Amino acid sequence: MTRRPPGWLLVSGLMVAALAVLPAVYLGVRAAEADADTWALLWRDKTWGLLWRTLGLAVAVTVCAALVALPLAWLTTRTDLPGRRGWTVLLCVPLAVPTFVSGYVLLATFGNGGVLEEPLSRWGLPVPSVYGFPGALLALTVSTYPYLFLALRAGLLAQDPAWLEGARSLGMSPARAFWKVTAPLLRPAFVSGALLVGLYVLSDFGAVALLQYDAFSRAIYVQYEGAYDRTYAALLGLALVVVTAAVLVLEVRLRGRAGYHRSAKGAARVFSPVSLGRWRWPALLLCGAVVAVGVVLPVGVLVYWGVRGLVGESASMMAPALGSVLASVLGAVASVLGALPLAFLAVRYPGRLTLAMERVSYVGYALPPIVLALSLVFLGVRALPFLYGTLAMLVLAYVVRFLPQAVGTVRSALLQLNPHLAEAAASLGQSPSTVFRRVTAPLLRPGLMAGAALVFLTAMKELPATLLLAPIGFETLATRVWGATAEGRFAEAALPALVLMAISALGVGLLVSQEGDAPRG
Amino acid sequence: MMRKLLLTLLLSVSSTALAAEPLTVYSGRNEKLVGPLLKKFTEKTGIEVKVRYGETPQLAATLLEEGDKTPADVFFAQDAGALGALGNAGRLQALPKATLDKVDARFRSPTGLWVGASGRARVVAYNTKKVKPADLPKSILGFTDAKWKGRLGWAPTNASFQSFVTALRLLKGDEAATAWLKGVKANEPRVYKNNAAVVEALGRGEIDAGFVNHYYLYAAKKSNAELPVANYFVAAGDPGALVNVAGVGILQGTKQVDNARKFAAFLLEPEAQAYFSQETHEYPLVAGVKTAEALPTLAKVGSPDLDLSKLDDLRGTVKLLQDTGVL
Numbered sequence: 001m002t003r004r005p006p007g008w009l010l011v012s013g014l015m016v017a018a019l020a021v022l023p024a025v026y027l028g029v030r031a032a033e034a035d036a037d038t039w040a041l042l043w044r045d046k047t048w049g050l051l052w053r054t055l056g057l058a059v060a061v062t063v064c065a066a067l068v069a070l071p072l073a074w075l076t077t078r079t080d081l082p083g084r085r086g087w088t089v090l091l092c093v094p095l096a097v098p099t100f101v102s103g104y105v106l107l108a109t110f111g112n113g114g115v116l117e118e119p120l121s122r123w124g125l126p127v128p129s130v131y132g133f134p135g136a137l138l139a140l141t142v143s144t145y146p147y148l149f150l151a152l153r154a155g156l157l158a159q160d161p162a163w164l165e166g167a168r169s170l171g172m173s174p175a176r177a178f179w180k181v182t183a184p185l186l187r188p189a190f191v192s193g194a195l196l197v198g199l200y201v202l203s204d205f206g207a208v209a210l211l212q213y214d215a216f217s218r219a220i221y222v223q224y225e226g227a228y229d230r231t232y233a234a235l236l237g238l239a240l241v242v243v244t245a246a247v248l249v250l251e252v253r254l255r256g257r258a259g260y261h262r263s264a265k266g267a268a269r270v271f272s273p274v275s276l277g278r279w280r281w282p283a284l285l286l287c288g289a290v291v292a293v294g295v296v297l298p299v300g301v302l303v304y305w306g307v308r309g310l311v312g313e314s315a316s317m318m319a320p321a322l323g324s325v326l327a328s329v330l331g332a333v334a335s336v337l338g339a340l341p342l343a344f345l346a347v348r349y350p351g352r353l354t355l356a357m358e359r360v361s362y363v364g365y366a367l368p369p370i371v372l373a374l375s376l377v378f379l380g381v382r383a384l385p386f387l388y389g390t391l392a393m394l395v396l397a398y399v400v401r402f403l404p405q406a407v408g409t410v411r412s413a414l415l416q417l418n419p420h421l422a423e424a425a426a427s428l429g430q431s432p433s434t435v436f437r438r439v440t441a442p443l444l445r446p447g448l449m450a451g452a453a454l455v456f457l458t459a460m461k462e463l464p465a466t467l468l469l470a471p472i473g474f475e476t477l478a479t480r481v482w483g484a485t486a487e488g489r490f491a492e493a494a495l496p497a498l499v500l501m502a503i504s505a506l507g508v509g510l511l512v513s514q515e516g517d518a519p520r521g
Numbered sequence: 001m002m003r004k005l006l007l008t009l010l011l012s013v014s015s016t017a018l019a020a021e022p023l024t025v026y027s028g029r030n031e032k033l034v035g036p037l038l039k040k041f042t043e044k045t046g047i048e049v050k051v052r053y054g055e056t057p058q059l060a061a062t063l064l065e066e067g068d069k070t071p072a073d074v075f076f077a078q079d080a081g082a083l084g085a086l087g088n089a090g091r092l093q094a095l096p097k098a099t100l101d102k103v104d105a106r107f108r109s110p111t112g113l114w115v116g117a118s119g120r121a122r123v124v125a126y127n128t129k130k131v132k133p134a135d136l137p138k139s140i141l142g143f144t145d146a147k148w149k150g151r152l153g154w155a156p157t158n159a160s161f162q163s164f165v166t167a168l169r170l171l172k173g174d175e176a177a178t179a180w181l182k183g184v185k186a187n188e189p190r191v192y193k194n195n196a197a198v199v200e201a202l203g204r205g206e207i208d209a210g211f212v213n214h215y216y217l218y219a220a221k222k223s224n225a226e227l228p229v230a231n232y233f234v235a236a237g238d239p240g241a242l243v244n245v246a247g248v249g250i251l252q253g254t255k256q257v258d259n260a261r262k263f264a265a266f267l268l269e270p271e272a273q274a275y276f277s278q279e280t281h282e283y284p285l286v287a288g289v290k291t292a293e294a295l296p297t298l299a300k301v302g303s304p305d306l307d308l309s310k311l312d313d314l315r316g317t318v319k320l321l322q323d324t325g326v327l
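Chains as they are written, first to last, in the working numbering: chain L, 1 to 521; chain X, 1 to 327.
One thing to keep in mind: the hints can contain errors.
Below, in silico cross-link-like pairs of lysine-lysine (DSS-like), each with a Cα-Cα straight-line distance of 25 Å or less [stated by the list, open to error]: (1) K185(X) with K46(L); (2) K46(L) with K319(X); (3) K185(X) with K44(X).
Covered stretches of chain X (in silico footprint by chain L; criterion: 3 or more residues with CB under 8 Å from a CB of chain L, positions within the stretch not fixed) [as the list claims (entries may be wrong)]: (4) 23-32; (5) 50-57; (6) 251-257.
Read the hints as simulated data drawn from the structure, not as lab findings. From a predicted model like this one, the values you see are computed outputs, not experimental measurements. In this text, a Cβ means the ideal position worked out from N, Cα and C, and glycines have one as well.
Start from the sequences and build out the full structure, keeping to the hints where you can.
Here you go:
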């Protein structure tokens with residue numbers, strides 16, 4: 001089914017892909033300045049050690065995040081779990097917790113003189129060490145599982161119940177039907193979510209630095225932190241791009257070529273929820289435990305900081321809150337718009353070029369955000385001086401950074417959509433834009449919403465690009481929090497951080513309430 | 001709401017277009033610390049200031065990336081290394097002699113490209129419940145002693161720590177620096193992200209002593225006055241007594257040389273110097289301004305003789321830190 005894509009679609013896709021590849025180009029330009037000494041630094045044994053440690057952490061976090069996200073996604077979409085929507089919102093919030101807060105929570109819990117010390121010592125037990133691999137694993141799992149949770153939810157919501165019902169009517173047990181029918185159909189959603197988790201771990205600096213796990217991104221940051229050595233940092237960054245490329249190729253192999261949409265006649269119905277019965281208690285316990293670790297603990301710490309400092313000067317949160325929402329909403333909308341041509345081309349017009357374009361959108365994702373911000377400075381002052389220093393530049397940065405989050409979710413939603421529906425509408429004389437507006441977009445809604453939610457949540461706490469690229473004087477909640485914590489004024493950080501989390505929860509709540517009973521194809 | 005927002009945006013755009021071009025400052029110093037000071041500058045001179053706040057190294061990287069197209073007129077940096085790096089890249093222009101001469105030669109660029117505005121001493125912060133000052137060594141080199149095993153904390157990714165290691169290399173040579181790093185590493189110090197985290201950990205009793213800049217203690221005590229932590233100054237002239245500076249440089253190619261110079265000069269006026277001393281607990285660098293009461297005088301601290309511009313030579317330091325396994 002290889003057809004030629006329409007020209008306008010190809011051109012818009014190519015433009016987005018060019019933007020996405022920018023960070024790699026920038027690194028190439030800087031790395032070209034490297035002399036032999038600098039290359040020698042890269043080829044040391046130390047570099048390989050870092051690489052293995054980083055990849056090991058990425059795999060472990062992905063596995064753990066999947067173990068948490070899959071049951072939660074199923075419980076909140078397919079069962080009669082009490083308070084499903086509320087849980088969904090709460091379970092997304094950890095994505096919005098700034099890293100310094102989640103890191104501090106771990107230290108305040110497991111560290112010396114932490115919360116656990118006294119109760120455990122009563123039993124004669126030592127406090128488990130939080131430093132190194134276990135701590136990084138825990139911290140990153142808690143902050144990244146929502147990527148998979150949202151992706152899997154979107155996948156589950158878009159599935160056609162007829163398949164599961166067919167399997168059940170043929171005598172499969174519910175469990176067997178889940179693993180034989182539901183789970184395989186979830187593969188695109190799972191792979192796209194897992195990719196986001198894995199690549200995020202490669203890029204993360206906050207958690208690994210705080211918990212003293214020696215990872216690749218930390219090595220890159222060290223160069224920018226103190227050495228003003230852009231060349232060596234660029235080489236390390238390019239190495240990370242190569243690793244990312246390898247992961248992306250691997251993912252293509254994993255995802256396979258199967259079709260995932262319904263092909264039978266008629267429209268899909270809404271799932272009738274599985275009754276949990278007595279199982280709803282352990283199910284609630286699971287949701288509660290995850291929310292306790294991911295939401296209640298950080299909120300508790302923030303409230304404690306706020307109360308301890310008695311918030312001496314309560315500066316108005318209005319301006320930074322508006323700034324955060326404005327920039328994040330624009331970033332979310334722009335990212336989803338940018339993701340549409342890439343996902344459409346890759347799914348509806350599969351081929352080497354379109355596949356490459358979609359893959360390329362992930363390139364910048366595994367890079368530490370500071371590299372990305374600098375690549376946009378590089379582009380901005382040279383090619384877009386009229387945009388440099390305006391809000392548009394910041395939105396552009398958010399698109400480059402968060403595009404994969406939208407591409408992954410839109411793509412998996414599109415895979416589950418039968419192309420014949422759009423074709424039928426077109427054959428009835430509807431223009432392509434009408435077909436998209438009236439048929440495709442409504443059917444894609446869960447995927448588009450999930451993509452927008454992901455970008456919104458992560459853009460809310462974005463810092464390096466916001467500091468360097470926002471118009472001068474433009475404040476967000478994240479920059480407020482940073483301003484207060486950089487000098488150790490934790491009490492003043494509490495209020496903006498709490499407002500940030502509250503707005504994020506509100507945003508996700510709005511999206512989840514929209515998700516409702518979207519028609520499915 | 002949206003309409004109101006758009007209106008505000010439009011108004012702010014048109015108002016900046018009408019007013020005289022404001023001075024654009026890139027500040028690696030925190031808004032909480034220097035915001036009020038910049039307001040005083042505007043009140044006094046009538047010169048409007050636009051400030052981009054950020055981390056010093058990231059702003060330095062941005063300025064290098066922006067090159068001659070930078071919108072910035074002035075760089076107000078947290079440490080001398082960043083100013084040195086920009087100076088080396090030819091991005092700074094010479095300051096007037098009258099401004100430079102106000103500050104001791106140790107605390108400004110030998111080529112006149114930047115000048116220190118306030119001093120920040122390296123100290124050993126310690127937990128007062130677990131350590132007596134008499135137990136602390138006279139030299140920073142004493143911390144390789146095995147009695148400190150499991151009791152130390154440091155922040156090796158932090159710029160101010162790396163500046164100190166660079167100073168150690170410049171003063172005592174690479175071998176001595178390697179020996180010190182290996183010696184302290186053998187004592188299994190806990191690693192923290194930054195100075196503030198080290199001070200927090202000292203307060204929790206997680207460690208007994210840590211290597212930090214002197215003023216983080218006072219910031220932490222603002223949140224919690226009973227924090228059982230105090231500063232210890234090693235002997236004068238010791239590499240551990242290094243006083244680094246936060247300073248200011250004027251960008252090459254600025255169209256506002258006069259205003260930028262006024263800004264640099266303002267930071268060295270008694271009013272600004274007193275502000276650093278009282279509000280941020282830093283050392284004033286201009287003679288005649290009183291140091292905060294809790295601190296020993298700058299003369300007593302005795303920063304070793306060293307060109308602080310050279311603190312930008314961090315590649316060797318980072319390599320050393322990596323080779324010794326500290327990073």
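Taking the hints in turn, this is what the structure says about them:
For the proposed pair K185(X) and K46(L), the alpha carbon gap of about 17 Å is at most 25 Å, so the pair holds. A threshold of 25 Å between alpha carbons decides the hint, and for K46(L) with K319(X) the separation of about 11 Å falls inside it, so the pair holds. With a C-alpha separation of about 50 Å, the suggested pair K185(X) and K44(X) falls outside the 25 Å cut-off, and the hint is violated. Counting residues of the segment 23-32 of chain X whose C-beta sits closer than 8 Å to any C-beta of chain L gives 4, which meets the bar of three, so the coverage hint holds.
Under a criterion of three residues with beta carbons nearer than 8 Å to beta carbons of chain L, the stated coverage of the segment 50-57 of chain X is upheld, 7 such residues being counted. Residues of the segment 251-257 of chain X lying with their CB closer than 8 Å to a CB of chain L number 0, which falls below the three-residue condition for coverage.
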